[in-house]
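So you can see what is in the structure, the chains are spelled out below.
There are 2 protein chains.
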Amino acid sequence: MKLISPYLLFLGNAPDQLAAKSAQGIVDWRPELARGQLRLPGCAADVGLPDMSLRDASAQGVKTLIIGIANAGGFLPEAWTGILVSALEAGLDVASGLHARLEDVPEIRAAAAHYNRRLIDIRTAAQNLPVGTGQPRTGHRMLTVGTDCSVGKMYATLAVEAEMKRRGIPALFCATGQTGIFIAGSGVPVDAVAADFISGAIEQLTPDNPNGHWDLVEGQGSLFHPSFAGVSLGLLHGAQAEALILCHEPTRTHMRGLPQQPLPSLSICVEANLEAARLTCPHVRCVGVAVNTSHIAQDKVQVILDQIEDELAIPAVDPFASGAGRLVDALLAP
Amino acid sequence: MKLISPYLLFLGNAPDQLAAKSAQGIVDWRPELARGQLRLPGCAADVGLPDMSLRDASAQGVKTLIIGIANAGGFLPEAWTGILVSALEAGLDVASGLHARLEDVPEIRAAAAHYNRRLIDIRTAAQNLPVGTGQPRTGHRMLTVGTDCSVGKMYATLAVEAEMKRRGIPALFCATGQTGIFIAGSGVPVDAVAADFISGAIEQLTPDNPNGHWDLVEGQGSLFHPSFAGVSLGLLHGAQAEALILCHEPTRTHMRGLPQQPLPSLSICVEANLEAARLTCPHVRCVGVAVNTSHIAQDKVQVILDQIEDELAIPAVDPFASGAGRLVDALLAP
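Keeping their order, the protein sequence lines are chains A and B. Taking this note's numbering, the leading residue of the first sequence gets 1, the next gets one more, and so forth. Taking this note's numbering, the leading residue of the second sequence gets 335, the next gets one more, and so forth.
FYI, nobody ran anything at the bench for these hints, they're computed from the structure. Any given hint could turn out to be false.
Label-pair distances were calculated between CB atoms; the ranges are [what the hints assert, rightly or not]: (1) B:609 / A:41: 48 to 56 Å; (2) B:350 / A:115: 23 to 31 Å; (3) A:114 / B:425: 41 to 49 Å; (4) B:469 / A:128: 33 to 41 Å; (5) A:207 / B:352: 30 to 38 Å; (6) A:114 / B:441: 29 to 37 Å; (7) A:128 / B:417: 23 to 31 Å; (8) A:275 / B:469: 38 to 46 Å; (9) A:282 / B:469: 32 to 40 Å; (10) B:462 / A:116: 32 to 40 Å; (11) A:116 / B:587: 23 to 31 Å; (12) A:41 / B:434: 26 to 34 Å; (13) B:542 / A:116: 32 to 40 Å; (14) B:644 / A:307: 52 to 60 Å.
Computed from a predicted model, the values in this text were never measured in an experiment. Where is the CB? At the ideal position from N, CA and C, for every residue including glycine.
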């Protein structure tokens with residue numbers, strides 16, 4: 001499952017900017033992958049790319065139409081069938097991160113076969129995944145872990161990759177979620193993997209590497225989220241990371257989606273992750289905290305970062321706002 | 335997915351008794367469900383039931399042929415197609431716990447449609463599972479957890495159920511693995527559930543119950559097994575158990591299948607499971623240890639049980655060898 005760029009980003013009739021989160025992620029991190037956006041009447045999102053028809057996209061060499069929006073339930077609106085068929089007819093592959101599969105819509109499947117294009121349901125896990133072994137692997141690996149879901153693990157991982165690349169360090173962002181897979185062009189949709197193969201799929205994603213190389217693994221969920229902790233633990237064991245970066249969003253008052261569920265304290269969260277991670281990497285350390293300050297007033301940010309540094313005695317930064325320099329320094333420190 | 339009894343147990347050409355583990359589990363715990371066994375030439379297993387042809391089984395009211403054996407790779411040998419088609423023709427449903435799906439063999443699928451019988455691939459997880467919430471539920475729940483895979487969690491759970499039923503306590507064995515599902519007639523094949531839905535599937539399996547009722551949940555894997563810990567953690571959160579029973583096999587020298595991976599100490603294993611379980615059940619306790627002594631010389635058993643009791647200060651018994659009376663006493667103690 002390798003996506004071919006350049007992309008045209010399909011925003012459909014997204015009701016707001018947040019619904020276009022995947023498309024925005026691509027534009028934020030890999031602007032060179034996307035040539036334009038395709039919006040339907042009523043679309044309230046705009047990721048700042050030129051609006052482009054399927055015909056123009058094809059003429060400009062676009063290879064894949066990316067369904068870069070989310071909707072409640074993850075279904076594929078019937079109203080999109082015509083435009084997706086037209087995209088295939090125009091010579092584009094179509095890739096989707098929705099729960100509903102492109103393959104399951106007969107007209108779309110038939111058009112893909114007829115025009116010899118690929119349908120890529122990135123939420124469909126590969127078959128024949130291996131079972132994890134926990135065997136030591138070569139190369140370096142870092143994993144982002146979280147106090148909660150959706151606190152900025154992907155952005156933190158990408159910020160570390162950008163900083164390492166700036167320094168000339170061989171580094172690879174390893175995607176485990178839908179937006180990450182669009183950005184990386186490939187990856188493992190770990191939430192869709194059969195439970196027995198969580199750690200095995202991540203071991204396959206982050207294989208033996210040369211000594212100086214860093215695999216930077218996008219974390220998912222939280223050990224403290226009652227819905228998804230199994231995913232997080234399998235990821236932790238499979239990644240066999242020597243370094244963790246804790247990701248946190250300080251305005252959360254409860255675990256995402258669960259009003260009755262409090263957040264763990266930062267220090268308890270670090271300790272629980274280290275404890276579990278030691279099973280496959282005994283010398284694992286937590287090197288820093290990536291704080292998502294997007295919901296915090298500008299004049300409060302530094303106070304909060306300082307508080308976290310005092311509490312945990314490791315660097316706390318917002319890597320999207322101000323770069324991952326200090327996190328990378330900490331990663332590389334002996 | 336509800337299996338209809340009585341069963342005929344298909345042992346195929348099992349190379350040894352261990353390959354017929356699922357069939358043996360049914361005979362050990364629900365002998366009333368199985369009328370006979372069907373063995374092919376060369377079969378080296380025998381679960382002590384009358385050998386029975388498909389025709390005789392049908393005449394005696396058998397409703398389901400159970401493929402009660404395992405093979406490396408979990409595939410469906412081509413040589414079985416004829417006999418499975420004959421079973422459908424004789425009016426039986428066919429249920430399989432193999433990885434390979436009955437549905438995927440065209441002749442078998444066609445025969446099931448033609449004779450209007452059901453094919454039940456018990457390793458295929460239900461679609462449309464809910465995401466877990468961790469919301470408090472009514473009734474009592476117990477979960478077996480393990481130092482390792484395959485240490486006797488299912489047998490311990492069934493022994494507790496048998497003892498509770500003997501005492502007139504409303505109790506239900508909740509199956510999470512293939513043999514357990516054959517025994518219970520239904521359940522959740524948790525290792526096949528998509529990773530995002532592990533805890534949700536277990537919440538659905540163990541719903542709100544009347545006050546005095548006990549759901550007794552079959553555990554899987556171990557928090558300390560690098561291949562499967564994600565499953566174990568999702569199960570722990572989803573079961574929301576107020577009581578854990580630790581299951582252990584004292585002759586294990588390393589985690590099953592992983593020669594490099596040591597076993598955790600019993601006390602570390604108890605503490606890690608309690609710590610994680612508190613996320614959804616703050617008052618959880620570990621009430622006892624179920625020790626699988628099947629590989630221990632008779633004159634050494636009591637010494638080992640006494641050592642474990644001394645170490646953990648909770649009852650340690652082999653519930654399959656000598657009953658779960660003390661475990662149930664501990665479960666019911668205030």
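Going through the hints against the structure:
1. B:609 / A:41: 48 to 56 Å: 53 Å, holds
2. B:350 / A:115: 23 to 31 Å: 53 Å, violated
3. A:114 / B:425: 41 to 49 Å: 43 Å, holds
4. B:469 / A:128: 33 to 41 Å: 36 Å, holds
5. A:207 / B:352: 30 to 38 Å: Given a distance of about 33 Å, which is inside 30 to 38 Å, the answer is holds.
6. A:114 / B:441: 29 to 37 Å: Distance hint for residue 114 of chain A, residue 441 of chain B holds at roughly 30 Å.
7. A:128 / B:417: 23 to 31 Å: 27 Å, holds
8. A:275 / B:469: 38 to 46 Å: Once the Cβ atoms are compared, 27 Å apart, the range 38 to 46 Å for residue 469 of chain B and residue 275 of chain A is violated.
9. A:282 / B:469: 32 to 40 Å: With Cβ atoms ~36 Å apart, the hint holds.
10. B:462 / A:116: 32 to 40 Å: Since the Cβ atoms of residue 462 of chain B and residue 116 of chain A sit about 33 Å apart, the hinted range of 32 to 40 Å holds.
11. A:116 / B:587: 23 to 31 Å: 55 Å, violated
12. A:41 / B:434: 26 to 34 Å: With Cβ atoms ~48 Å apart, the hint is violated.
13. B:542 / A:116: 32 to 40 Å: 52 Å, violated
14. B:644 / A:307: 52 to 60 Å: 46 Å, violated
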